[in-house]
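Number of protein chains: 2
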Amino acid sequence: MISGGGAEAAAEVAADLAASRLVPGAPGRAPGATPFGARLRAAMDDHGPLCVGIDPHDALLAAWGLPSTVAGLERFAATCVEAFAGRVACVKPQSAFFERFGSAGVAVLERTLADLREAGTLSLLDAKRGDIGSTMAAYAQAYLGEDSPLRADAVTLSPFLGYESLRPALDQAAATGRGVFVLALTSNPEGASVQHAMLDRRSVAGRVVDGVTADNAGARPLGSVGMVVGATVGTAVQELALDLAAANAPLLAPGVGAQGGTAESLRAVFGEALGNVLASSSREVLGAGPDVAALAAAARDTADRLAGDLRG
Amino acid sequence: MISGGGAEAAAEVAADLAASRLVPGAPGRAPGATPFGARLRAAMDDHGPLCVGIDPHDALLAAWGLPSTVAGLERFAATCVEAFAGRVACVKPQSAFFERFGSAGVAVLERTLADLREAGTLSLLDAKRGDIGSTMAAYAQAYLGEDSPLRADAVTLSPFLGYESLRPALDQAAATGRGVFVLALTSNPEGASVQHAMLDRRSVAGRVVDGVTADNAGARPLGSVGMVVGATVGTAVQELALDLAAANAPLLAPGVGAQGGTAESLRAVFGEALGNVLASSSREVLGAGPDVAALAAAARDTADRLAGDLRG
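So the sequence lines, in the order shown, correspond to chains E and Y.
When we follow the working numbering, the leftmost residue of the first sequence carries the number 1, and every step to the right adds one.
When we follow the working numbering, the leftmost residue of the second sequence carries the number 313, and every step to the right adds one.
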């Protein structure tokens, strides 16, 4: 399963697909052909429910012996692609760490997304975009458009302007076989001040769940409109009466692993939706770098453990 | 007041400043020397309370006879800088319309921000970023950092993860004499589902106002932590008991002008904070393009009208 360089790994994945795994929803299929939810389901079944972040912050660059420059960023991202492409369900570059280097950093992000695409590994761009009208449509075009230089398989979105304000991106994702992950219930201490707030007896998080549930209705094996739900939100899912399983949604969950999240607590948070959880991990895996084999092994170990903890 | 090209206008502004207007808070002062709020106050006093958007969406590019390409984008943005630099309080590029062209589009955004900086005109980048921890710090570095290629005088932020999650950007802005505008109460129909929601008898919008009020306490003549408050939110400000004047905050207000917003309705929404309103206008002004003189005249006319309507 684990091979040498990125190109080699990509070729191996391509060969695998051609030989035996050309099932609907297999990763590596062109967007459009198969909805994102189906592609993600297949990738999670193949590789385990792990999404590895590419989070090149200064401390991590330094730990890898890399400078905080565009060159350092480029080396970091290329190493991640080499280590993870073809080996995990999904890779999640964090846009902020590229944007801080300006257009040169964004050019590295473009290449990173292109390399993942070529390797047939699903990309989720963590950008938390959100706006209205023609501006939201422009973000949709930027990250979910068929010909955009920054297109990913999915992008994270922020619904402060209301879930429905994201409609241009929801439509664009549906049209191109891509996906979105909408912020719903996060575990940072400040998150509750917004997400637990109530209007007409429904919480802000609940309204996101309701919107996602409607948009994913009837999608098989899994909807393409995901949510971000922290693994360490405690009893909030029950208190806010969120039916995560009914949402039929991929659930991107930061906080599984290092920060807490035992198998038992995960079941308490996600319940019947446990099988739809895509655990997001950055520090735990990236700490094994910069050695490619060590990174790949850390990803493999983490994915295997998660596959046990998150068995639905 | 109105001169020919961008460089000429810039030279004129520089000369003006050197000659007579080197008051604290004058526009064109290096960030760090004077807080953003003071610089904005002076710019609004000089030029009127107008922030002109640079919103190069497809329809507008076409109306200006420009292609939907990086070259078209570049021409559009350069024309805007030529028309508006030195003539309005603030110019607001909309990041999404640059991001959709990938890193090449972001490079145009960099140049646009640099041109505005050189001309001594305040830039507000509309990016609505929001995240937590080291990621939020990276966004702060990207848009408010002293040496970042994409630095602006201020940036818009989205608080879905809680107002306090934005702290790294608030700190960075304070440290470098820059500003932020936090989404608070918007007039899009979907916005109320989040912003009107209540927790412990305070609305989500109210918590943003509370945080901004605390952060702007004691700042003279105006705080550097702004908010986005729609000009057409009707009676929501009263219903949610928002004391906008006490927030001592610049109030970026979309929807003044074309969409409604008579002098009377503006006073109803903003009350005693009317003098802190920075009206955001795109369509109304940009529709006069692509002729530079016509754009400059449209901006001038709009700013003059607003100065009357928004007299505090």
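Source of the hints: derived by calculation from the structure; they are not laboratory data.
The model shown is predicted, which means the values in this text are computed figures rather than measured ones.
Glycine included, C-beta positions come from ideal geometry on N, C-alpha and C.
Be aware that a few hints might be false.
Sample of chain E residues at the chain Y side, in silico, Cβ under 7 Å [said to hold, decoys possible]: (1) 64; (2) 68; (3) 69; (4) 97; (5) 99; (6) 102; (7) 103; (8) 132; (9) 139; (10) 147; (11) 150; (12) 164; (13) 186; (14) 190.
Simulated DEER-style distance windows between Cβ atoms [unchecked claim]: (15) Y/533 x E/294: 53 to 63 Å; (16) Y/514 x E/238: 34 to 44 Å; (17) Y/374 x E/147: 11 to 21 Å.
Hint by hint, which ones does this structure get wrong, listed from lowest number up?
1, 2, 3, 10, 16
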